[in-house]
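Could you put the whole structure together from the sequences, leaning on the hints where they help?
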Amino acid sequence: SAVISQKPSRDICQRGTSLTIQCQVDSQVTMMFWYRQQPGQSLTLIATANQGSEATYESGFVIDKFPISRPNLTFSTLTVSNMSPEDSSIYLCSVGQNEKLFFGSGTQLSVL
Amino acid sequence: EDQVTQSPEALRLQEGESSSLNCSYTVSGLRGLFWYRQDPGKGPEFLFTLYSAGEEKEKERLKATLTKKESFLHITAPKPEDSATYLCAVDAGGTSYGKLTFGQGTILTVHP
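Going down the list, the protein sequences come from chains L and W.
If you read the first sequence in my numbering, its first letter stands for residue 1, the second for the next number, and so on.
If you read the second sequence in my numbering, its first letter stands for residue 1001, the second for the next number, and so on.
Any given hint could be a false lead.
Straight-line alpha carbon distances no greater than 27 Å define the calculated DSS-like cross-link-like pairs of lysine-lysine that follow [what the hints assert, rightly or not]: (1) Lys65/L with Lys1042/W; (2) Lys100/L with Lys1042/W; (3) Lys1068/W with Lys100/L; (4) Lys1042/W with Lys7/L.
These aren't lab readings, by the way, just hints derived from the structure by calculation.
The structure is reproduced here in structure tokens:
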């Protein structure tokens, strides 16, 4: 299975600032996704990161708040913009391979 | 709307005490049902994918089964290292297999 590295692993940010999370995969993958796991809740898909085109966002998530880049088949970034305490969550990068979905270790974000 | 409900929310077992976790789902068309294990501070770890009713898969002390309405994760003679949150998710089809709907998870604690 693909090895997925996420950076940073955790961060504490101030309200109104932005944080960019990086996801690096050790092999080329077609499908990359970003999920959110809010405290005490399960995982929710934010968007599909498409290589060479704009990301596809799920209902309730917008590009202005969560801009995503996918410059190549091994790398993607998710930015959480203009943060508020409600954005405190674990953000997870995932990749599809052989019809399975594998996850990175996540970025634990706390917004004060 | 696709829905996944897991029960119980939490389960405490003694080492060696076998039990089962339940995952009930409602989807318009099931492409696959996934089981993951999540340890605190980490991303979900892939365990199994089940595709059709009657299918079973095993890995060490874990066995996953699938019917048309639910899936079970059977844990035989659990050990303390099996303690984790177990997540169930469904892929209801569409153009991409990375769009999973997750349940809330079952927190399993195995006491020595």
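Do the hints match the structure? See the list:
Distance restraint check for Lys65/L and Lys1042/W: the Cα-Cα separation of roughly 25 Å lies within the 27 Å cut-off, and the hinted pair is therefore satisfied. A distance of roughly 18 Å separates the Cα atoms of Lys100/L and Lys1042/W; the hinted pair therefore holds under the 27 Å criterion. Distance check on the hinted pair: Lys1068/W and Lys100/L sit about 20 Å apart at the alpha-carbon level, within 27 Å; holds. For the suggested pair Lys1042/W and Lys7/L, the alpha carbons sit about 13 Å apart, so the restraint of at most 27 Å is met.
The structure meets every hint from the earlier list without exception.
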